[in-house]
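Chain by chain, the residues run as shown.
There are 2 protein chains.
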Amino acid sequence: MLQLYIQQLIEKIGKDKISQNKPVLMQHSKDESIHPAVEPDVVCFPECAGDVAEILKFACANLVPVTPFGAGSGLEGQAIPIQKGIVMNFERMNKIIEFSPEDMRVTVQAGVTRLQLNRLVNEYGLMFSVDPGADAMIGGMVATNASGTTSVRYGAMRDQLLDLEVMLADGTIIRTGSQARKSSSGYHLTGLFTGSEGTLGIITEVTLKLHGIPEYNMMARCTFNSLEDCARAAQTILQAEIPVLRMELIDAVSISMINHHSGEAFPEKHSLFFEFAGSKRAVEEEVALASELMHDLDCENWVAANDPIKMNGIWKARKDLNYAIAHQPETCEIGGDVCVPISRTPELVSFARTRMDQSGLKGAIWGHIGDGNFHTSVMYNPNVVGEFETAEQTSDAIVLKAIEVGGTCTGEHGVGLGKMKFQEVEHGEALEVMKRTKHMYDPKGILNPGKLFID
Amino acid sequence: MLQLYIQQLIEKIGKDKISQNKPVLMQHSKDESIHPAVEPDVVCFPECAGDVAEILKFACANLVPVTPFGAGSGLEGQAIPIQKGIVMNFERMNKIIEFSPEDMRVTVQAGVTRLQLNRLVNEYGLMFSVDPGADAMIGGMVATNASGTTSVRYGAMRDQLLDLEVMLADGTIIRTGSQARKSSSGYHLTGLFTGSEGTLGIITEVTLKLHGIPEYNMMARCTFNSLEDCARAAQTILQAEIPVLRMELIDAVSISMINHHSGEAFPEKHSLFFEFAGSKRAVEEEVALASELMHDLDCENWVAANDPIKMNGIWKARKDLNYAIAHQPETCEIGGDVCVPISRTPELVSFARTRMDQSGLKGAIWGHIGDGNFHTSVMYNPNVVGEFETAEQTSDAIVLKAIEVGGTCTGEHGVGLGKMKFQEVEHGEALEVMKRTKHMYDPKGILNPGKLFID
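Residue numbers (numbering that gives the first Met the number 0), protein chains in the order written: chain Z, 0 to 454; chain B, 0 to 454.
In case anyone wonders, no lab produced these hints; they're calculated from the structure. Please note that the accuracy of each hint is not assured.
Which copy? The list can't say, so a pair holds if one copy fits it or any two copies do.
What the hints assert, rightly or not - Derived DSBU-like pairs (lysine-lysine); straight-line CA-CA distance at most 35 Å: (1) Lys-268 to Lys-16; (2) Lys-420 to Lys-437; (3) Lys-318 to Lys-29; (4) Lys-83 to Lys-268; (5) Lys-94 to Lys-361; (6) Lys-208 to Lys-268; (7) Lys-434 to Lys-94; (8) Lys-443 to Lys-309; (9) Lys-21 to Lys-56; (10) Lys-400 to Lys-420; (11) Lys-29 to Lys-16; (12) Lys-400 to Lys-94; (13) Lys-437 to Lys-309; (14) Lys-434 to Lys-208; (15) Lys-309 to Lys-361.
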């Protein structure tokens, strides 16, 4: 039965676009989350929208699950084919379709990565602004409504989108927007597909807004005695409407891990990291104002710089953080991604720290404090009985607290498998509407089944 | 039959929330468009979400059409109850629910108007940024995804929204977002309801982002020899990333109408109007740069000012335009609202002017050139046989041209009745998905029936 369906698929799209090699299946069995790997039956490598349509029509007729796969950099299990079937890898759909520098707009296939895109548009003084860290594919970034360090200034993925080409479950191709910068025509399907994690349709093309590259950058760093002080300081920057390019928090525990991992000697206190960008004069004014505001709030260890080497030194701690966490010995982690109103961040980061300390486990807190979006990492030893459960309870308590104060269980990573359990408490009656939406778009349930909703 | 259903409705929500007075019915039979008036059977004035739910449950059970009505300032007939039934006027749902200055966020009932909101938040140094001209209700502005002169800087209504409370056709209440500034949790229903014009659900509460009031403003004006030159000049400003607060175009024909109407002597040439806002130093730099760029492009009549009286003089032409058009003797107009990629605006405004001239009718062109969104007014004498048809053909040709170059039939007014005929050519296969969406949310077809889609 299995071989038969794959044989039919080969006849549809050709042998060279399909793989059942064991290493390929393994590579497509997981993302960067802790969710268990599941190998698909087969991996397809479509080269054009027509291939995607053929695969979907086939999958629809034969009730085979289809899971889209980008760079595999997801953090919530979205790309894991938990019901097996077909994984669709977009790496061959990596063409720039249309680039209009004068409109600061570009249309790309879903498999273009963000660094690939920036290599092209940077030459024209333009940039694609969303920076989630990993070199994710644009299609995947749309699917999770990705964001990152620069979203405090430019917004999330959803804010960059003008148009999508989407393949529906039955192979119908639609376009959801236009090339104009705004529209009030028809239902806003662009917004609906963004963040739908491959459960409503497969994104094949994306039209994005671009931004000008600022001419001048400065970085700065300072420390505070408490997490609450850090959060309040970030709030002060926002209220002063200083258009920071980046504003990141790292807590003292994480800084100490970084020092240990990288052999650095950063002050082991709760720290804020800033990047400013714009015209030289504006940036210098902004840095002076930020320094004044931070010192008014009794910051310590303020350092600012504009030459590349010093700037790199200032941000090194932030850049080293992921490695430091990843290299804790005998350690797994449960990652968090809550986002709350800015005014509630002092309370939330403090709550998170207290719960981590109470758990007896090592925990790190950092993130995009300017959006109210912060990450938590609760670390456990998988070989010690009970540690996983303790870590999960701790992480869950932080998420529930975030929802309680008007926030969300995920600011940028998406729901995938990891945040399904919070959907009902966060969305209430709206969850039923979301389920009906899923059923309308995918009546046979072939599109990334088992994600977003607990059936 | 008619009286019976109204009697039942009175029992549900109370006599004082219902009117069948002739003047009230007449007042709710039209908006500010040219579409023919239709009186509803009855007008309801809900005072809380519970009232809205009662009305909807009743309407759903009895298959009575429900048309939401805000300030009546719509331009495409959205609020006209073309299938009669119930009109729901939100003027009594005008409460500010929650205001968090520190989060620059406010939650309001749908019937709060934008000036009412600004009167409150301005006192805290904050503002609600969307300015469509009219003192529209926030609920109506969400329903049409309104925008206006400041959207070049702050975006449209959709960009301001964090959360909506929406009443579904069966009276279920859902919330579509959260109070956090970003989220990747669940389907983005906020985006879907925004611009849905009351056809998917009734918006009862809105949570909005606010912005800081800039400390300093300057205005400027200049003229060019051709509309293409104006459009290119606007593009130059955007490419230089000057964060204009407003950037408006008015063509020479319209300026001449203004002079005639107001007794002014503005140079009767194609004109660009600018407003700059920010810190004094930044604004002065921006104005200097804009002046240099405009003079490089051979602008004439450049005037800039920062004192209130002179600023008012500079923008008076723009402010007088709507009156000037409205007061043309024996004249009706067909209004346009296309939005195209910035690079295509020279071609489009030139095409629009040529078609107007060819038609032999008087026509005006103006609008939010920084978004690629411009308005056309083709004027006709309703007492002259054939003029309406000529005006309609001219206006339609401009819309079709806009769609052809990748634009949209409506940048900010919405579809309503007036733009239904362009939905298929603009959205193609996606229109079918939109119709299915409508059917899913409103299976009995009671929500603002007869709008958006030609059945």
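Exercise. Could you figure out if Lys-443 and Lys-309 sit no more than 35 Å apart (CA to CA) within one copy, between two copies, both or neither?
Key: neither (56 Å within a copy, 65 Å between copies)
Quiz item: Between Lys-318 and Lys-29, at a C-alpha cutoff of 35 Å, which is it: within one copy, between copies, both, or neither?
Solution: within (24 Å within a copy, 59 Å between copies)
Quiz item: Quick one: Lys-29 to Lys-16, C-alpha cut-off 35 Å, is that within a copy, between copies, both, or neither?
Solution: within (20 Å within a copy, 58 Å between copies)
Quiz item: When no copy is specified for Lys-400 and Lys-420, does a C-alpha distance of 35 Å or less occur within a copy, between copies, both, or neither?
Solution: within (14 Å within a copy, 49 Å between copies)
Quiz item: When no copy is specified for Lys-309 and Lys-361, does a C-alpha distance of 35 Å or less occur within a copy, between copies, both, or neither?
Solution: within (31 Å within a copy, 63 Å between copies)
Exercise. Have a look at Lys-434 and Lys-208 and pick one of within, between, both or neither, based on CA distance no larger than 35 Å.
Key: Both: 31 Å inside a copy, 28 Å across copies.
Self-check item: Alpha-carbon proximity between Lys-420 and Lys-437, which holds within one copy, between copies, both or neither at 35 Å
Solution: Answer is both; intra-copy 17 Å and inter-copy 29 Å each pass.
Quiz item: How would you label the pair Lys-268, Lys-16 (within, between, both, or neither) given a Cα cut-off of 35 Å?
Solution: Answer is neither: 52 Å inside a copy and 60 Å across each miss the 35 Å cutoff.
Self-check item: Intra- versus inter-copy proximity for Lys-361 and Lys-94 (alpha-carbon distance at most 35 Å)
Solution: neither (44 Å within a copy, 47 Å between copies)
Exercise. Can you give me the call for Lys-434 and Lys-94, within, between, both or neither, at a CA distance of at most 35 Å?
Key: Both: 34 Å inside a copy, 32 Å across copies.
Quiz item: Checking Lys-400 and Lys-94: alpha-carbon separation at most 35 Å within a copy, between copies, both or neither?
Solution: Answer is between: at 28 Å across copies they meet the 35 Å cutoff, but 43 Å inside does not.
Exercise. Since the copies are identical, ignore which copy is meant and state whether Lys-437 and Lys-309 lie within 35 Å (CA to CA) inside a copy, between copies, both or neither.
Key: neither (50 Å within a copy, 56 Å between copies)
Checked against the numbered hints given earlier, the structure breaks hints 1, 4, 5, 8 and 13 and satisfies all the rest.
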